[in-house]
Amino acid sequence: MSARTAPALPGGTAAARRNPGRRAGRTVLWHVGVVVIVLVVIYPVVWMLGTSFKPATEIVTSNRPWPLHWTLQNFPDGWHANPGVSFGKFFVNSLFISVLAVVGTLLSCSFAAYAFSRLEFRGRSVLFAGMVVTILLPYHVLIVPQYAIFKQFGWINTDLPIIAPKFLATEAFFIFLMVQFMRGIPREIDEAARIDGCGPYRTFLWILLPLTRPALITSAIFSFIWTWNDFFTQLVYLNDTDKFTVPIGLSLFVDQTGSTSYGPMMAMSILALLPVFLFFLAFQRLLVDGATSSGLKG
Amino acid sequence: MRSRSATAHRRSVQVTAVAAAVVASLSLTACGGGSGGSGDSGGKVKLSFSWWGDASRAKATQDAVAAFEKANPTITVSTQYATFGPYNQKLATQIAGGGAPDLMQIDWGNQSQYAQSGTLLDLATGPGAVDISGLDAKFAGSGKEGAKQVAIPFGQATQSFVVDVTKLEALGVAVPKAGWTWDDVATYGAQVHDKSGGKLYGISDPGTTWAAFQSWLLQQGKQLYTPEGKLGFTKDDLTAFWTMCDNLRKSGAATPANQTATLINGPAEDPLAKGTAAAEWDYDSIFASHAAATKDKLELVPLPTVGGQTGMYAKPSMLLSVYAKSKHPKEAAKLLSFLVNDQAAGAALGTSRGLFPNTAVRKQLAATATGNDKTVADFEAANASQLAATPTAPPKGDGQLITLMQRIYGGVSFGQQSPSAGAGSFMQQAEQILAG
Numbered sequence: 001m002s003a004r005t006a007p008a009l010p011g012g013t014a015a016a017r018r019n020p021g022r023r024a025g026r027t028v029l030w031h032v033g034v035v036v037i038v039l040v041v042i043y044p045v046v047w048m049l050g051t052s053f054k055p056a057t058e059i060v061t062s063n064r065p066w067p068l069h070w071t072l073q074n075f076p077d078g079w080h081a082n083p084g085v086s087f088g089k090f091f092v093n094s095l096f097i098s099v100l101a102v103v104g105t106l107l108s109c110s111f112a113a114y115a116f117s118r119l120e121f122r123g124r125s126v127l128f129a130g131m132v133v134t135i136l137l138p139y140h141v142l143i144v145p146q147y148a149i150f151k152q153f154g155w156i157n158t159d160l161p162i163i164a165p166k167f168l169a170t171e172a173f174f175i176f177l178m179v180q181f182m183r184g185i186p187r188e189i190d191e192a193a194r195i196d197g198c199g200p201y202r203t204f205l206w207i208l209l210p211l212t213r214p215a216l217i218t219s220a221i222f223s224f225i226w227t228w229n230d231f232f233t234q235l236v237y238l239n240d241t242d243k244f245t246v247p248i249g250l251s252l253f254v255d256q257t258g259s260t261s262y263g264p265m266m267a268m269s270i271l272a273l274l275p276v277f278l279f280f281l282a283f284q285r286l287l288v289d290g291a292t293s294s295g296l297k298g
Numbered sequence: 001m002r003s004r005s006a007t008a009h010r011r012s013v014q015v016t017a018v019a020a021a022v023v024a025s026l027s028l029t030a031c032g033g034g035s036g037g038s039g040d041s042g043g044k045v046k047l048s049f050s051w052w053g054d055a056s057r058a059k060a061t062q063d064a065v066a067a068f069e070k071a072n073p074t075i076t077v078s079t080q081y082a083t084f085g086p087y088n089q090k091l092a093t094q095i096a097g098g099g100a101p102d103l104m105q106i107d108w109g110n111q112s113q114y115a116q117s118g119t120l121l122d123l124a125t126g127p128g129a130v131d132i133s134g135l136d137a138k139f140a141g142s143g144k145e146g147a148k149q150v151a152i153p154f155g156q157a158t159q160s161f162v163v164d165v166t167k168l169e170a171l172g173v174a175v176p177k178a179g180w181t182w183d184d185v186a187t188y189g190a191q192v193h194d195k196s197g198g199k200l201y202g203i204s205d206p207g208t209t210w211a212a213f214q215s216w217l218l219q220q221g222k223q224l225y226t227p228e229g230k231l232g233f234t235k236d237d238l239t240a241f242w243t244m245c246d247n248l249r250k251s252g253a254a255t256p257a258n259q260t261a262t263l264i265n266g267p268a269e270d271p272l273a274k275g276t277a278a279a280e281w282d283y284d285s286i287f288a289s290h291a292a293a294t295k296d297k298l299e300l301v302p303l304p305t306v307g308g309q310t311g312m313y314a315k316p317s318m319l320l321s322v323y324a325k326s327k328h329p330k331e332a333a334k335l336l337s338f339l340v341n342d343q344a345a346g347a348a349l350g351t352s353r354g355l356f357p358n359t360a361v362r363k364q365l366a367a368t369a370t371g372n373d374k375t376v377a378d379f380e381a382a383n384a385s386q387l388a389a390t391p392t393a394p395p396k397g398d399g400q401l402i403t404l405m406q407r408i409y410g411g412v413s414f415g416q417q418s419p420s421a422g423a424g425s426f427m428q429q430a431e432q433i434l435a436g
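Residue numbers (full-length UniProt numbering), protein chains in the order written: chain A, 1 to 298; chain B, 1 to 436.
Extracted from the complex, chain A is given alone in its bound form:
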């Protein structure tokens, strides 16, 4: 990546052709710069990784990222930190919620986006504007009325308040993303499909959905990460310890009035990062793939 970008530096191309030594110098400089930035960005993660192997006494007193005395004890300590329930249960709960959230978001938001971008109906522009405005509403404004409604439904202390809204296209940001993407797909393709005998449903399934793949994958990645990392919604709606998710489990390590167990917390944080990392790794390939292969070359 960097090697390809290097010649594009200001004044690089012409000068480089004349003087290959100077070009190599610039490339080295560029790499050094990038490496330094990467080190700065990655330092907290390295610190977290190092701290997860440190004994408790070393965490606050020493500034070095790597432990003097290595220990694995933080992992079992963190895993069994809460009475009666292990961290594994939190992982299962988080995965369940996050995977359903991805499925729900993709289904409902792509339907809504198709309607907004392709179908003609009364009040479309007003509804679209209204939907976009909901992106601007801070979550804390919505939480109290939402809580009251879900309490009426008897949904408190279940996963439903977290999952059900995802199936009802409440994530306006993803709808907006998909609408913008679908608007970029030429209408001629729809018309061709209609001439071939497709109704609106078939046009959606056969034509638009496959072409929207990059937007769908982007939505899937963000929907997963956001739900996996979402703390407040899960905190408010889940009461029983065995229903807790990973973010709530992690927050239990930080106690302002008591002792904060950093070692076990960092150990569990490392484990909590893994699914997000793997999910991104798996889908990033598809994202790049989608962006290059779905081009409308005519």
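If you're looking for bench data, these hints aren't it; they were derived computationally from the structure.
Don't take every hint at face value.
List time: in silico DMTMM-like cross-link candidates among lysine to aspartate or glutamate, alpha-carbon distance up to 20 Å [claimed, not checked]: (1) B:Lys59 to A:Asp240; (2) B:Lys230 to B:Glu299; (3) B:Lys44 to A:Asp240; (4) B:Lys295 to A:Glu58; (5) B:Lys297 to A:Glu188; (6) B:Lys274 to B:Asp194; (7) B:Lys334 to B:Asp194; (8) B:Lys59 to B:Asp342; (9) B:Lys330 to B:Glu299; (10) A:Lys89 to A:Asp242; (11) B:Lys295 to B:Asp122; (12) B:Lys222 to B:Asp237; (13) B:Lys250 to B:Asp183; (14) B:Lys177 to B:Glu299; (15) B:Lys195 to B:Asp296; (16) B:Lys250 to B:Asp194; (17) B:Lys363 to A:Asp77; (18) B:Lys330 to B:Asp131; (19) B:Lys177 to B:Asp296; (20) B:Lys46 to A:Glu58; (21) B:Lys274 to B:Glu299; (22) B:Lys250 to B:Asp296; (23) B:Lys297 to B:Asp378; (24) B:Lys46 to A:Asp240; (25) B:Lys59 to A:Glu58; (26) B:Lys274 to A:Glu58.
Not close to chain A: a few residues of chain B, all C-beta gaps over 10 Å, as computed [said to hold, decoys possible]: (27) Gly43; (28) Asp54; (29) Ala211; (30) Asp237; (31) Asp373; (32) Gly410; (33) Glu431.
Selected chain A positions facing chain B (in silico; Cβ < 8 Å) [stated by the list, open to error]: (34) Ala24; (35) Gly25; (36) Val28; (37) Asp77; (38) Pro83; (39) Ile143; (40) Tyr147.
Here a beta-carbon is modelled for each residue, glycine too, at the ideal position from N, C-alpha and C.
Got chain A sorted already, so can you dock chain B onto it with the hints?
Frame of chain A, contents of chain B only:
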């Protein structure tokens, strides 16, 4: 064309299958859940009870609840807990949404606000009446809001200086004794600083701590708040306090600004834990956390005095309240009474919330206490007779003043503002916060 339509058919079958699976899993979740809130099930009363705290407190509390359920087979209790910050956000949402737990642990700073909005049941009379005759009357009075007893203290904490004895002995500095004055603090702090070659400071700078300022006011017979919830002190009082802290800091007796700022990180990584301060103002209920953060031997010392007054008082470290809209106020009050009075509860809870509310049970526990618990119990016993009257509950906005104090004193200690200029802007902003 034919082949395309076949593909499409297969795809639509797939989509339908996915949709069906989703619906099925959703309805499964719906069946599996549904245990929230309180309700009767098979003649049993179901209560919900929430608190904040770490895992060890959760274990102690769940043990106490189990003892209650054993003694009351017709009542089951579902418990929920989180750590302090998130807990209060969640409780505020639950209260606003009409779904607070039957019995809830509340912070003293929130008591007025919740009482005024009619969230808390009166525990003096009516269905929620709780017997608090076993508690010290002054201490139990902290849960009063006007004529109503809206909360019962669920643990007692007292102000103290936590002192690192190991470090002082190594330096050859005498451990401060009860009855020391603020002048003694200056002398002691200078000794620590000089003998350690400037590596160690006598105390963590108390100028940033709202509650330390409160005890300093009480030492002079003044109050932090008036009973009406206005500021009970003047700009001159605050200027005098900050000038004193300023001098302590400049002489090396108290920690410099950048270290003082780490006080908000809590006992696990404050100057005492990092070994840069030899003593620190804190509640004695936090003693175990301080002890866990260092290998050194720690000791509790009463606050410095003004005219013989320590300004220390029995503070409720947290309180218990019954939700006014609870469907089972009687049972919730029964659980509350058990948690603050019963010996079995005392045995299970230990000192996870400070000293046990009921005085008779507290004495029994103190007799058998060991380790850190014994240090705290001995400290409380030695000082019980000299405690000042417990002030009225802080008004709404108290939490904001705590952070305002940290912010403005931060500016003062970094030398951006003089103590009197800082006190001036504090008074102005504090009055706005309390009025709003």
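query: Quick check: which numbered hints come out false for this structure?
result: Hint check: 2, 5, 7, 9, 11, 17, 20, 22, 25, 28, 34, 35, 36 and 37 fail, others pass.
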